[in-house]
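**Q** Chain residues, written in single-letter form:
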Amino acid sequence: MTSREIVLETKDVTMRFGGLTAVHKFSIQVQKGRIVGLIGPNGAGKTTCFNMITGFYEPTEGSIHFMGEDITGWPPHKICKAGIARTFQNIRLFAGGTVLQNVMVGAHLRQKTTWWHAMLSLPSFFKEEKEIREKSYELLDAVGLAHLASEEAQGLPYGAQRRLEIARALATEPRFLLLDEPAAGMNPHETQELMDFIKQIKEKFDLTILLIEHDMKVVMGICEHIWVLDYGVTIAEGDPEKIQGDPKVIEAYLGEEYLQNA
Amino acid sequence: MEDKRKRNLILNGLLVGAFALFLFWAQVNLDGYKIQIMNLIAVNIILALSLNLIYGFAGMFSLGHAGFMAIGAYTCALLIMPPLQKQALFILEPAMWPFSVMHAPFLVAVILAGLMAALAGILIGLPVLRLGGDYLGIATLGFAEIIRVLANNLPRMTNGALGFKGIPDYANIWWNYGWCFITLVIVVRLVNSNYGNALKAIRDDEVAARAMGINTFRYRLTAFAIGSFFAGVGGALLGSLLTTIDPKMFLFLLTFNVLMIVVAGGLGSITGTIIAGVIITVLLEWLRIVENPITIGEFYIPGIPGMRMVVFSLALLFIILFRRQGIMGRKEITWDTVFALFRKRGVEK
Ligand SMILES: Nc1ncnc2c1ncn2[C@@H]1O[C@H](COP(=O)(O)OP(=O)(O)OP(=O)(O)O)[C@@H](O)[C@H]1O
Ligand SMILES: [Mg+2]
Numbered sequence: 000m001t002s003r004e005i006v007l008e009t010k011d012v013t014m015r016f017g018g019l020t021a022v023h024k025f026s027i028q029v030q031k032g033r034i035v036g037l038i039g040p041n042g043a044g045k046t047t048c049f050n051m052i053t054g055f056y057e058p059t060e061g062s063i064h065f066m067g068e069d070i071t072g073w074p075p076h077k078i079c080k081a082g083i084a085r086t087f088q089n090i091r092l093f094a095g096g097t098v099l100q101n102v103m104v105g106a107h108l109r110q111k112t113t114w115w116h117a118m119l120s121l122p123s124f125f126k127e128e129k130e131i132r133e134k135s136y137e138l139l140d141a142v143g144l145a146h147l148a149s150e151e152a153q154g155l156p157y158g159a160q161r162r163l164e165i166a167r168a169l170a171t172e173p174r175f176l177l178l179d180e181p182a183a184g185m186n187p188h189e190t191q192e193l194m195d196f197i198k199q200i201k202e203k204f205d206l207t208i209l210l211i212e213h214d215m216k217v218v219m220g221i222c223e224h225i226w227v228l229d230y231g232v233t234i235a236e237g238d239p240e241k242i243q244g245d246p247k248v249i250e251a252y253l254g255e256e257y258l259q260n261a
Numbered sequence: 000m001e002d003k004r005k006r007n008l009i010l011n012g013l014l015v016g017a018f019a020l021f022l023f024w025a026q027v028n029l030d031g032y033k034i035q036i037m038n039l040i041a042v043n044i045i046l047a048l049s050l051n052l053i054y055g056f057a058g059m060f061s062l063g064h065a066g067f068m069a070i071g072a073y074t075c076a077l078l079i080m081p082p083l084q085k086q087a088l089f090i091l092e093p094a095m096w097p098f099s100v101m102h103a104p105f106l107v108a109v110i111l112a113g114l115m116a117a118l119a120g121i122l123i124g125l126p127v128l129r130l131g132g133d134y135l136g137i138a139t140l141g142f143a144e145i146i147r148v149l150a151n152n153l154p155r156m157t158n159g160a161l162g163f164k165g166i167p168d169y170a171n172i173w174w175n176y177g178w179c180f181i182t183l184v185i186v187v188r189l190v191n192s193n194y195g196n197a198l199k200a201i202r203d204d205e206v207a208a209r210a211m212g213i214n215t216f217r218y219r220l221t222a223f224a225i226g227s228f229f230a231g232v233g234g235a236l237l238g239s240l241l242t243t244i245d246p247k248m249f250l251f252l253l254t255f256n257v258l259m260i261v262v263a264g265g266l267g268s269i270t271g272t273i274i275a276g277v278i279i280t281v282l283l284e285w286l287r288i289v290e291n292p293i294t295i296g297e298f299y300i301p302g303i304p305g306m307r308m309v310v311f312s313l314a315l316l317f318i319i320l321f322r323r324q325g326i327m328g329r330k331e332i333t334w335d336t337v338f339a340l341f342r343k344r345g346v347e348k
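First to last, the protein sequences are chains A and B.
Counting from 1, position 214 in the first sequence corresponds to residue 213 in numbering that gives the first Met the number 0; the numbering is continuous, with no gaps.
Counting from 1, position 310 in the second sequence corresponds to residue 309 in numbering that gives the first Met the number 0; the numbering is continuous, with no gaps.
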């Protein structure tokens with residue numbers, strides 16, 4: 000694999016909750032334009048890694064660099080502004096809003112007019128509001144949800160909610176996208192669609208993507224590089240073939256499930 | 000889309016025009032008591048809209064309205080009373096400079112009243128909202144109480160327990176409804192803008208909002224300050240409308256009244272707030288009857304002061320038990336829903 004510019008780098012990142020070490024010395028380098036994966040059994044510490052990268056948890060030790068800048072300890076909103084967006088394992092949409100409003104909230108970050116422009120009804124406010132609306136609509140179109148724009152977000156089917164969450168993350172104009180189990184709860188057909196979709200948005204929005212996924216078909220199908228966590232420790236890393244052949248990984252994670260399916 | 004906006008703009012203009020004509024008519028034809036109730040309706044709608052912005056749309060449970068109103072009312076009164084009047088009024092201790100000499104036109108006084116309340120909002124919000132907003136209810140309750148105690152104990156500024164009497168009664172129907180209109184336009188603009196979407200997002204899911212790049216602390220603080228501003232404006236108008244203020248006026252009961260309007264109308268519904276503002280203001284006046292002695296045939300029921308608040312507390316309890324979302328929930332009456340209603344009727348015929 001030719002080496003490219005490093006977008007995200009974590010150095011010996013450790014997260015302890017009281018006596019529990021959820022993540023131990025997590026060190027990864029993610030190259031620009033790649034789709035890479037983070038896998039591991041339940042409770043291995045994958046989501047905790049996401050929470051540290053996106054600023055929801057401050058690492059107990061170690062540092063996180065994004066585009067060469069040290070973002071360790073930054074608050075989530077600042078990290079998002081710097082260009083890292085995420086989705087959640089348990090979908091977190093804004094239940095009180097429509098599908099379109101959910102995406103518009105994502106786009107709000109890049110909006111220049113704010114409350115006092117709105118209060119004074121300035122022309123610049125109406126102009127930008129219209130642009131945001133159109134941009135959000137285009138994003139919904141890109142994820143195939145435009146026809147549901149004015150529906151309540153809460154009422155969407157599961158797969159559509161996942162797509163909406165991705166569209167909302169894209170609205171923040173990220174350079175790096177974190178997807179926490181995007182295929183969870185999807186049937187094989189939807190999963191196949193999702194894989195194509197992820198590849199598509201990567202190209203279209205010029206993204207680098209790190210995803211957590213339990214579905215091995217997805218991980219092996221689209222990830223160019225994979226890290227494997229077990230009890231917070233990185234037990235393996237490499238391309239899909241290497242991971243599939245790694246005895247430690249087979250024992251810790253792929254184990255029964257993989258052998259059964261094979 | 001554009002056509003609809005134009006249509007709504009025209010219809011809104013017509014509605015405002017018709018309402019202005021109604022106010023003209025009312026001014027000539029209605030007696031002082033009814034006019035007073037109309038004034039109270041306007042002030043209560045201002046107060047309830049500001050609380051709905053804070054609580055209903057931004058999801059911050061605040062119990063400090065009486066405090067912000069007190070700040071607004073005292074600021075405004077001190078500014079619109081002429082220095083000579085203040086000299087005569089402060090009998091406990093003479094008024095302190097600059098309160099003794101400051102003087103401003105009504106419009107300026109009301110704006111400054113709002114700004115002082117907003118400043119107070121920022122001062123409490125800064126430490127409390129950093130904690131995420133869970134403690135706002137208790138903190139604002141304490142704040143309002145502190146303001147009241149201060150009003151009692153700073154005689155050179157507030158004339159102590161005696162308060163102010165004979166505040167110039169500038170707050171006529173035009174001022175009150177003018178401010179009510181401004182508040183309405185500003186709150187509607189805010190909550191319908193993408194800024195408002197962000198506020199509602201924070202209310203619905205703070206974690207997701209932060210992940211979307213929203214600085215939730217700053218957004219909450221701003222919304223809280225804007226809400227406090229209009230609470231101050233409402234207090235200023237109320238002081239001038241009643242022409243007297245004193246610390247006893249700003250008990251928790253005042254906050255409770257506003258809260259009741261917001262909850263009854265629907266948290267997060269502006270039209271709901273307006274409807275409930277009208278109904279509850281009228282009912283509050285009307286229920287004064289139950290506090291007066293009544294004679295039914297041979298029976299004499301002595302008046303029980305505070306009775307109407309008992310009735311209202313029970314009413315609020317019923318709302319919470321049986322229709323928690325209030326009259327409107329989070330829905331709004333818009334021109335679209337109005338037309339849809341007519342269309343349905345048309346089809347039925
Ligand atoms: N805020 C927290 N406080 C205490 N413990 C936590 C916290 N967050 C996570 N943990 C613990 O850290 C460990 C790793 O959790 P994490 O959610 O990162 O696992 P995961 O790999 O995402 O698992 P899953 O596949 O089930 O999503 C678990 O033991 C969990 O209980
Ligand atoms: Mg997880």
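Hints should not be assumed to be uniformly reliable.
Which bits of chain B does chain A cover? Going by a derived footprint, with three or more residues having C-beta under 8 Å, they are [claimed, not checked]:
#1 190-203
#2 208-220
Below, computed lysine-lysine pairings styled on BS3-like, alpha-carbon distance capped at 25 Å [claimed, not checked]:
#3 Lys126/A <-> Lys247/B
#4 Lys134/A <-> Lys5/B
#5 Lys247/B <-> Lys164/B
#6 Lys247/B <-> Lys129/A
#7 Lys126/A <-> Lys5/B
#8 Lys3/B <-> Lys126/A
#9 Lys126/A <-> Lys111/A
#10 Lys241/A <-> Lys201/A
#11 Lys129/A <-> Lys164/B
#12 Lys126/A <-> Lys201/A
#13 Lys134/A <-> Lys3/B
Just a sample of chain A residues kept apart from chain B, beta carbon distances all over 10 Å, derived [as the list claims (entries may be wrong)]:
#14 Glu68
#15 Gln100
#16 Ala106
#17 Glu128
#18 Leu147
#19 Pro187
#20 Asp195
#21 Phe204
#22 Ile221
#23 Glu223
#24 Asp245
By construction, these hints were calculated from the structure, which means they are not laboratory data.
Every residue gets a Cβ at the ideal spot worked out from N, C-alpha and C, and that includes glycine.
**Q** Determine for every hint whether it applies to the structure shown.
**A** Do the hints match the structure? See the list:
Residues of the region 190-203 of chain B with a Cβ under 8 Å from some Cβ of chain A number 10, which satisfies the need for three, so the listed coverage holds. Residues of the region 208-220 of chain B lying with their CB closer than 8 Å to a CB of chain A number 8, which satisfies the three-residue condition for coverage. The suggested pairing of lysine 126/A with lysine 247/B is violated, with an alpha-carbon distance near 48 Å, which exceeds 25 Å. The suggested pairing of lysine 134/A with lysine 5/B holds, with an alpha-carbon distance near 23 Å, which does not exceed 25 Å.
Of the supplied pair hints, the one linking lysine 247/B and lysine 164/B holds, its CA atoms being roughly 14 Å apart against a limit of 25 Å. A distance of roughly 49 Å separates the Cα atoms of lysine 247/B and lysine 129/A; the hinted pair therefore is violated under the 25 Å criterion. A C-alpha spacing of about 16 Å is found between lysine 126/A and lysine 5/B, which places the hinted pair at or below 25 Å, so the restraint holds. In summary, the hint linking lysine 3/B to lysine 126/A is supported, as the alpha carbons are separated by about 17 Å, within the 25 Å threshold.
Restraint check: the Cα-Cα separation between lysine 126/A and lysine 111/A comes to about 11 Å, which is no more than 25 Å; the hinted pair holds. The suggested pairing of lysine 241/A with lysine 201/A holds, with an alpha-carbon distance near 24 Å, which does not exceed 25 Å. Our distance criterion of 25 Å between C-alpha atoms is broken by lysine 129/A and lysine 164/B, whose separation comes to about 51 Å. Restraint check: the Cα-Cα separation between lysine 126/A and lysine 201/A comes to about 29 Å, which exceeds 25 Å; the hinted pair is violated.
A threshold of 25 Å between alpha carbons decides the hint, and for lysine 134/A with lysine 3/B the separation of about 21 Å falls inside it, so the pair holds. At roughly 16 Å, the least C-beta separation between glutamate 68/A and chain B is larger than 10 Å, which holds for a residue marked as non-interface. Consistency note on glutamine 100/A: stated as away from chain B, yet its beta-carbon is not over 10 Å from all of that chain's, at 5 Å minimum. Here alanine 106/A does not stay apart from chain B, with its beta-carbon only about 7 Å from theirs, under the 10 Å limit.
Interface exclusion of glutamate 128/A from chain B breaks down, the closest Cβ pair being 6 Å apart, not more than 10 Å. With a least beta-carbon separation of about 17 Å from chain B, leucine 147/A lies farther than 10 Å from that chain, consistent with its non-interface assignment. No Cβ of chain B approaches the Cβ of proline 187/A within 10 Å, the least distance being about 28 Å, so the stated non-interface status holds. Every CB of chain B lies more than 10 Å from the CB of aspartate 195/A, the least distance being 25 Å, so the non-interface label holds.
For phenylalanine 204/A, the condition that its CB be more than 10 Å from all CB atoms of chain B holds, with the nearest at approximately 16 Å. No Cβ of chain B approaches the Cβ of isoleucine 221/A within 10 Å, the least distance being about 23 Å, so the stated non-interface status holds. Residue-level check passed: glutamate 223/A sits 25 Å from the nearest beta carbon of chain B, beyond 10 Å. Against the 10 Å criterion, aspartate 245/A stays outside the reach of chain B, whose nearest CB is about 33 Å from its own CB.
Checked against the numbered hints given earlier, the structure breaks hints 3, 6, 11, 12, 15, 16, 17 and satisfies all the rest.
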